[in-house]
Amino acid sequence: MLVNNFLLLGAVLFCIGVYGVIARKNAVMVLMSIELILNSVNLNFIAFSALHGNIDGNTMALFIIGVAAAEVGVGLAMVLLIYRNRKSISLDELSEMKG
Amino acid sequence: MSAVILAADDIQVAQNIGFGIIAAVMVVGALKVVTSKNVVHAALALVLVLSGAAAQYILLGAEFVGVSQVMVYVGAVMVLFLFGVMLTRAKLGKETDLDQPKAWVGIPVALLMLGVLGWVLIDGFGDERLPADASPKAVVEISDSILGPSLVPFLALTFVLVAAVIGGIVLARKD
Amino acid sequence: MLAETAAASSGWFLEHAWLIPVVPVIGFALIILFGKRMPMKGSEIGLASMAGALALSIGTAYQWIQRVDAAHGDHEGSALARGITGFGRSLTAAASGEEATYVAPVIKSWTWWQSGGLEFGLGQHIDGLAVLMLILVAFISCLVQIFSLEYVRGDRRYTHFFASLTLFSAGMLTMVLAENMVQLILGWEIMGLCSFLLIGHWWEDKANSRAALKAFFTVRVGDMGLLVGTAIVFFGANAYAQDTFGSNGFSIQAINAWALSGEASHTVLLWASVALFIACIGKSGQFPLHTWLPDAMAGPTPVSSLLHSSTMVVAGVFLVARMYPVFWEGFSIPDSSVNFIVVIGGITTLVAAFLAFVQTDIKKVLAYSTVSQLGLMMMGLGAGAWIAAVFHVFTHAFFKCCLFLCAGSIAHSGSHHSFDMKRDMGGLRRIMPVTFACWMIATAALTGFPFLAGFWSKDEIIATVGKNGYEVFFYVGFLSAFLTAAYMTRATYLTFFGKPRGAAAGEHGDDDDHAEEHEQAHDEAMVHAMAHAGGPGVHTDHTDHTDHTDHGAHGAHGAHGAHEDGEHHGPHESGKLLLVPICILAFLSIFAGFLQAPAFGESFEKLKLWVEPAAVPIADDDFLVSGFGQSAALTPRAAATGELVCGFETPPNGEVCVFPAVTHAPFSWAKAGVATIIVFSAYALSLLLCVLVYGDGRSKLKGLTQRNRLLGAGHRFLVNKYYLDDLYEKVIVHGVAYPISKAAYWVNQHVLDGTVNAVGKGGRRTGEWIYNYVDQGVIDGIVVDGSGKAARGTGGALRPLQSGKVNQYGALLFGAAAIGALVLVIVNI
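Protein chains in written order, with this note's numbering: chain U, 125 to 223; chain V, 948 to 1122; chain H, 849 to 1677.
The shape of chain U in the complex, shown without the other chains (with noise of 0.2 Å):
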């Protein structure tokens, strides 16, 4: 198997996390939408990993995704707050910067 399946299998779902972040509203949405970039970025790992032999990638792996649910962990309670007190999550509403 080409190498390049997966790395470029990887590029896409990044693209398409990079457009998620842009394009959404919600919160969540966008929290979903970086979830995919890890996931991404992972896939990569694992590839070089079995392309190398090397064990690193496996461990670099496995510690992106540690720290991916610790991040969606607090994000997800930021963005509770957020609902909590004003009521919206949709990004547009929540800015208050005049410009």
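What the hints contain is simulated information worked out from the structure, not anything from laboratory work.
Among these hints, one or two may not hold up.
DEER-style ranges, computed between Cβ atoms [to be verified]: (1) H:1629 / V:1122: 51 to 61 Å; (2) V:1058 / H:1650: 36 to 46 Å; (3) H:1672 / V:1108: 32 to 42 Å; (4) H:1673 / V:1054: 19 to 29 Å; (5) U:216 / V:1094: 41 to 51 Å; (6) V:1079 / U:212: 21 to 31 Å; (7) H:1673 / V:1048: 46 to 56 Å; (8) U:212 / V:1054: 47 to 57 Å.
Here the structure is a predicted model, which means the values were calculated and not measured.
C-beta atoms are modelled at their ideal positions from N, C-alpha and C, and glycine is treated no differently.
Keeping the supplied structure of chain U fixed, place chains V and H upon it in accordance with the hints.
Frame of chain U, contents of chains V and H only:
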């Protein structure tokens, strides 16, 4: 099972087809995540993507990571997401405006990025193939790595997780 | 052939005669610096310095006389012996075959500064003429200063008065012993300055300052001639002077020698003479520049007596006498019967004499008399009567000064500061006997009463004029003598005879003059001094005014402590300080004439012996140029040539002449008798007319000039001084000055002011432009506002970057990352 897959010939047609199907499912799912009008639909599409990713990991011989992916991401993170969706939705059903007014800005950025990445990858890794005789990684190697050279990152990760838990509780408690 | 030489007799005074002007200069400086603090307010310094100068002059004169006698005594017989043998013989020039002895003057000079090869120096040229003038000036100055002690007392500028008097004396003394033309001009100008200062002594009265300016400017007009003449003479004589004497063209001795040397072009000498004589016309008040002298009477009487009668105004006569060879050759005096000098002199003497008849101010009568006598002196000089004119200078100084001091005495004590004869004088002979006596003596001397001073000098002039071929002016001289006697009689009658009028009668002038006087808050000295300004009937304040009943208008008077005869207060005789100088001068008026009285023989011709230079050629290697400390040991030589050389022929090679051979008229009792008859008939006629016109009787002559149109016109013509003043001031001065002043004003307003205004406007416009374009436009607009706008614009442009929108941040982040990656890839290809 992996031996069966890996015992095939060089071209490894079966892996390729398997990869192709799973990749297609993942891409479609990802697209559904970023374009769906329904938040729950987007969440479920994300589950699809994550599952597909786990399958890919197993295809690549990272079985432990794959299983972990399923357990953590699909099992816990997605549940978390769904809880979040549930707790922050005003009403159920279709929501009309999930996209930014200027959502189209993301397309050129994404395409640009795709272009750059694609070109770099093709140029860099042109015809490299995964080693045909690769065996699935043993879990003991992972544990050796984590508790050995990567001990410090591991411990840091524990701190991160503790901080995240505490933070989450602090943030979300009702005062 | 030349006679044997004799050692020159010299002495300390002769060698140091240059100190004579120095003493008054030091006195002047001391008065200016310390005068006000001194007990007598500086007058003691003035008097002391003049006394010192007089003492030195007497010493110089004594030693000069010794020198002359020594020079003559070395030849056969002494002068006295010669005088006895020559009794009755007329003494002509060396042409008669007798030896004339040249007495060398004591010349010293030292260089003051050099420039461009020209040396300007100061020095002394002591010969008989200089000695005569030194004695005269010092003596008269001394007497006048004594007179001024009393006369000017209480004046507001007492100290400066004495300072100016002293400076004047210094100036004149400098001039008379000047060794070169530059020094002469120096003294001349100092005198002019002092004349200005003294005439305008009471300058608060505008008339006085105008008179001072008129005097100064009129004399200035003449001074142009002096400068031009000096320049002409310098350029003419310079080469000759350097060859013969080793001096330069300013040296008077060299100029005189050059004029007589035959090397001088006649045209040059003529122009030089004309130019120099123009200066004399100005300074000595000859026609047509005589107009300043009568106006100069606005000054205090001591000034009039010193400057404008005896000493300063004779400076012109002195100049002609000093530079006589130039005039002799320039105007060809021996060869002609009319020349510039004699014509001017003749006109002057008659013009002024006629004017003296219509004056009511006693000082103006004396002023015109002075002008007339100066004209006579000039006439004499112009006709070749050198010693006669110089002698007349000598005697005239005494009696004219005496007359002026008498006038001052009258004004001071008799007519209550008024000089108006018709209004405030009359009958003063009983009240002021001493003044009257001295006045009579001086008048007699002036008019030529037999055997008094003027008799000798005037008649000698007239006789010599006639003898030298100037026939017309001979008769002019007689006419002048007649007129002099006539107007002096009139003045005497009005002043001393008849009934007392006005102030002489004890009245104090018009009461309506008082109102103006009392309104001014003057201190008593000022008021006292203003009264001296010669206005008639001006009255000052008196507190001790108890014995007059006709003073109704005297309300509140201020104190009048300066009025010294406060207790007397009517006309009275003057005090001793005033009378003593007058008496001395009167005495001299009688006896000074005997210095040159050829009627009594040669021994009485002392003045000629001592003063007139001998007209003989002298070997030029005898002339040494001496410097300071080295005396001019010119040995007197005598020439035995029988014919007239100097002034008539070129002197022989190697010899120079410094004085022409002037002729002398022999004394003739017949001519003297004619002159006496003329004078007495003038007395009689004038007295008769005065009694008829001014007396009490009803005479048809009274008011004649008002009834008769021709006589009235003539009278008016004289009263208006021949309308000359109007001609000068209104026509000439106005015609010249007015356009010039208008042009100058135009230049000032349009060119100078215009430039200033333009600069100002330009500056302002520049400022406005800079304000509008640079300050507002560039700095405010571009720099300040622009930078603000740029900042705001930049901020505004960059603000959207921080919108707070997460999605946008994400877009930017990923976009930048993509671009960064692209760049990396491209760079690393």
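Comparing the hints with the structure gives:
In this structure the hint that residue 1629 of chain H and residue 1122 of chain V lie 51 to 61 Å apart at CB holds, the actual value being about 57 Å. Take residue 1058 of chain V and residue 1650 of chain H: their Cβ atoms lie about 26 Å apart, and the range 36 to 46 Å is violated. Distance hint for residue 1672 of chain H and residue 1108 of chain V: a CB-CB separation of about 34 Å, consistent with the stated range 32 to 42 Å. Hint check: residue 1673 of chain H to residue 1054 of chain V, Cβ distance near 21 Å, so the stated range 19 to 29 Å holds.
Range check, residue 216 of chain U to residue 1094 of chain V: Cβ separation about 47 Å, and the 41 to 51 Å hint holds. The hinted range of 21 to 31 Å is not satisfied by residue 1079 of chain V and residue 212 of chain U, whose Cβ atoms lie roughly 54 Å apart. Taking the beta carbon of each, residue 1673 of chain H and residue 1048 of chain V are about 32 Å apart, not inside 46 to 56 Å as hinted. Between residue 212 of chain U and residue 1054 of chain V, the C-beta spacing of about 26 Å breaks the proposed range 47 to 57 Å.
Checked against the numbered hints listed earlier, the structure breaks hints 2, 6, 7, 8; every other hint is satisfied.
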